[in-house]
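Engineer: Given next are the chains, with one letter for each unit.
Number of protein chains: 2
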Amino acid sequence: MHMPANIANNYDWLKGFTLDFSMSSGLSQGAAAPATVRRLSQMAGMYTDSGAEERAVRDGGDPVVYEFYELGAPESPGGLAFGTSITYPGKVGAEYFMTKGHFHTILETAEVYYTLSGEGRMLTESPEGDAVMHVLAPGTAVYVPERYAHRSINTGGTPLVTFYVFRADAGHDYGTIESKGFRKLVLEGADGLPHLVDNPKWKSVIPRQQ
Amino acid sequence: MHMPANIANNYDWLKGFTLDFSMSSGLSQGAAAPATVRRLSQMAGMYTDSGAEERAVRDGGDPVVYEFYELGAPESPGGLAFGTSITYPGKVGAEYFMTKGHFHTILETAEVYYTLSGEGRMLTESPEGDAVMHVLAPGTAVYVPERYAHRSINTGGTPLVTFYVFRADAGHDYGTIESKGFRKLVLEGADGLPHLVDNPKWKSVIPRQQ
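Chains as they are written, first to last, in my numbering: chain A, 124 to 333; chain B, 124 to 333.
If you are wondering where the hints come from, they were derived from the structure by calculation, not from laboratory data.
Treat each hint with caution, since some may be false.
It does not matter which identical chain is used: a pair holds within one copy or between any two.
[What the hints assert, rightly or not] SDA-like mimics (lysine to any residue), calculated; alpha carbons at most 25 Å apart, straight line:
#1 Lys138 to Asp292
#2 Lys324 to Pro157
#3 Lys138 to Val320
#4 Lys138 to Pro261
#5 Lys138 to Gly174
#6 Lys138 to Arg306
#7 Lys214 to Leu137
#8 Lys138 to Pro186
#9 Lys138 to Glu231
#10 Lys324 to Ala154
#11 Lys138 to Leu310
#12 Lys307 to Ala156
#13 Lys138 to Trp325
#14 Lys303 to Ser151
#15 Lys326 to Pro157
#16 Lys138 to Gln165
#17 Lys138 to Glu242
#18 Lys324 to Leu137
#19 Lys326 to Ala156
#20 Lys326 to Asp172
#21 Lys138 to Gly184
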């Protein structure tokens with residue numbers, strides 16, 4: 124990685140650069156800053172079993188649920204943001220560890236994920252309530268279309284590692300999901316397998332404007 | 124992969140879809156159409172050693188130099204095109220097998236590559252002549268910035284496989300490179316290693332308008 128004159132967050136977005144991301148752990152040795160870490164306590168109220176959530180935070184060491192790289196790409200419509208997302212294995216009650224999930228602030232922008240390691244699901248949902256769940260395994264690319272919120276869910280026993288790319292000016296709207304939730308959940312059933320079910324906590328509030 | 128109402132080229136660009144790409148070969152079992160194949164005869168005049176190029180076409184079986192998936196993403200500025208690019212190992216004289224390379228028709232659009240297998244170089248070049256060469260190995264992401272032409276070069280002994288993403292309306296301008304060439308070449312030196320050198324065939328013609 125070379126670092127001449129025009130740099131932002133140590134990456135040369137004008138002349139180009141390379142950056143390593145481990146295909147097994149998802150972690151980068153060369154990144155200018157560590158990955159952003161999300162512990163369970165930072166997802167208060169997002170899991171359906173509130174008691175299990177509180178116990179895992181209080182008695183379970185407040186585990187790291189996921190982390191992801193934010194490289195700080197300049198927010199140009201011609202640029203792209205990219206990095207890895209790593210969701211760790213675990214459950215809160217019957218609900219698998221997952222990311223918060225988000226819409227893009229510019230709703231009409233897509234995102235592409237390529238799965239490097241692990242097993243899981245990508246839950247996607249439009250503002251009108253169309254929910255589509257995609258199955259992730261190593262080598263699986265997912266096209267998350269314009270307008271769909273998206274959340275990574277680890278249904279396996281090892282880290283779920285994806286490489287993601289989206290338009291650099293897309294922006295993240297976390298608020299809508301934080302206030303309304305997804306309409307669907309992925310829970311482990313009595314058969315030990317993941318099942319897509321309705322989210323009893325989902326609220327049909329008006330999405331927060333940003 | 125589900126295929127409801129709104130599909131283009133068998134992929135559901137409006138509701139999303141998954142598609143497999145092998146992390147070793149780059150090939151997809153589920154793709155609706157085979158990869159686009161480029162044989163050496165389709166790159167006439169692009170290698171510096173014309174005699175070696177002609178012999179490889181005439182006597183060498185006109186080898187497949189590279190192939191890549193074109194999924195036919197609708198050309199929306201909010202959409203993304205993606206797939207794998209596979210450059211095979213080989214040389215024409217001292218010059219490594221490589222892709223034709225291209226600018227984007229919308230010059231101010233970037234591209235991101237993630238290297239899945241193999242070893243090589245990504246040669247990038249702006250219209251003003253700034254040439255930057257990036258080293259590719261498994262796990263290496265490359266940010267090809269807005270305005271830079273880009274060419275994959277296989278300097279190893281196995282297929283060079285990358286996963287790429289770019290804005291769906293970016294378009295491909297192959298003509299400028301076909302008429303002018305890149306200013307730089309990557310040749311194997313007497314030491315057996317790749318070296319970046321000036322391209323004696325490079326022409327400073329006015330880029331073809333598209």
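Engineer: Next, verify each hint and record whether it holds.
Structural biologist: These are the hints, each one checked on the structure:
1. Lys138 to Asp292: This pair counts as both: shortest intra-copy Cα distance 19 Å, inter-copy 22 Å.
2. Lys324 to Pro157: Classified as neither: same-chain Cα gap 33 Å, cross-chain 45 Å, threshold 25 Å.
3. Lys138 to Val320: Between. Shortest inter-copy distance 19 Å satisfies the 25 Å Cα cut-off; intra-copy 47 Å does not.
4. Lys138 to Pro261: between (31 Å within a copy, 22 Å between copies)
5. Lys138 to Gly174: neither (50 Å within a copy, 35 Å between copies)
6. Lys138 to Arg306: between (42 Å within a copy, 16 Å between copies)
7. Lys214 to Leu137: Classified as neither: same-chain Cα gap 42 Å, cross-chain 31 Å, threshold 25 Å.
8. Lys138 to Pro186: Neither way: Lys138 and Pro186 sit 39 Å apart in one copy and 33 Å across, limit 25 Å.
9. Lys138 to Glu231: between (28 Å within a copy, 13 Å between copies)
10. Lys324 to Ala154: neither (38 Å within a copy, 38 Å between copies)
11. Lys138 to Leu310: Cα proximity of Lys138 and Leu310: across copies only (23 Å, versus 45 Å in one copy).
12. Lys307 to Ala156: neither (34 Å within a copy, 33 Å between copies)
13. Lys138 to Trp325: Between copies only: 21 Å across chains, 45 Å inside a chain, cut-off 25 Å.
14. Lys303 to Ser151: neither (33 Å within a copy, 37 Å between copies)
15. Lys326 to Pro157: Answer is neither: 34 Å inside a copy and 44 Å across each miss the 25 Å cutoff.
16. Lys138 to Gln165: neither (36 Å within a copy, 30 Å between copies)
17. Lys138 to Glu242: For Lys138 and Glu242, only the inter-copy Cα distance (21 Å) is at most 25 Å; the intra-copy one is 35 Å.
18. Lys324 to Leu137: neither (45 Å within a copy, 27 Å between copies)
19. Lys326 to Ala156: Classified as neither: same-chain Cα gap 36 Å, cross-chain 42 Å, threshold 25 Å.
20. Lys326 to Asp172: within (16 Å within a copy, 67 Å between copies)
21. Lys138 to Gly184: Neither: 43 Å inside a chain and 38 Å across chains, both beyond 25 Å.
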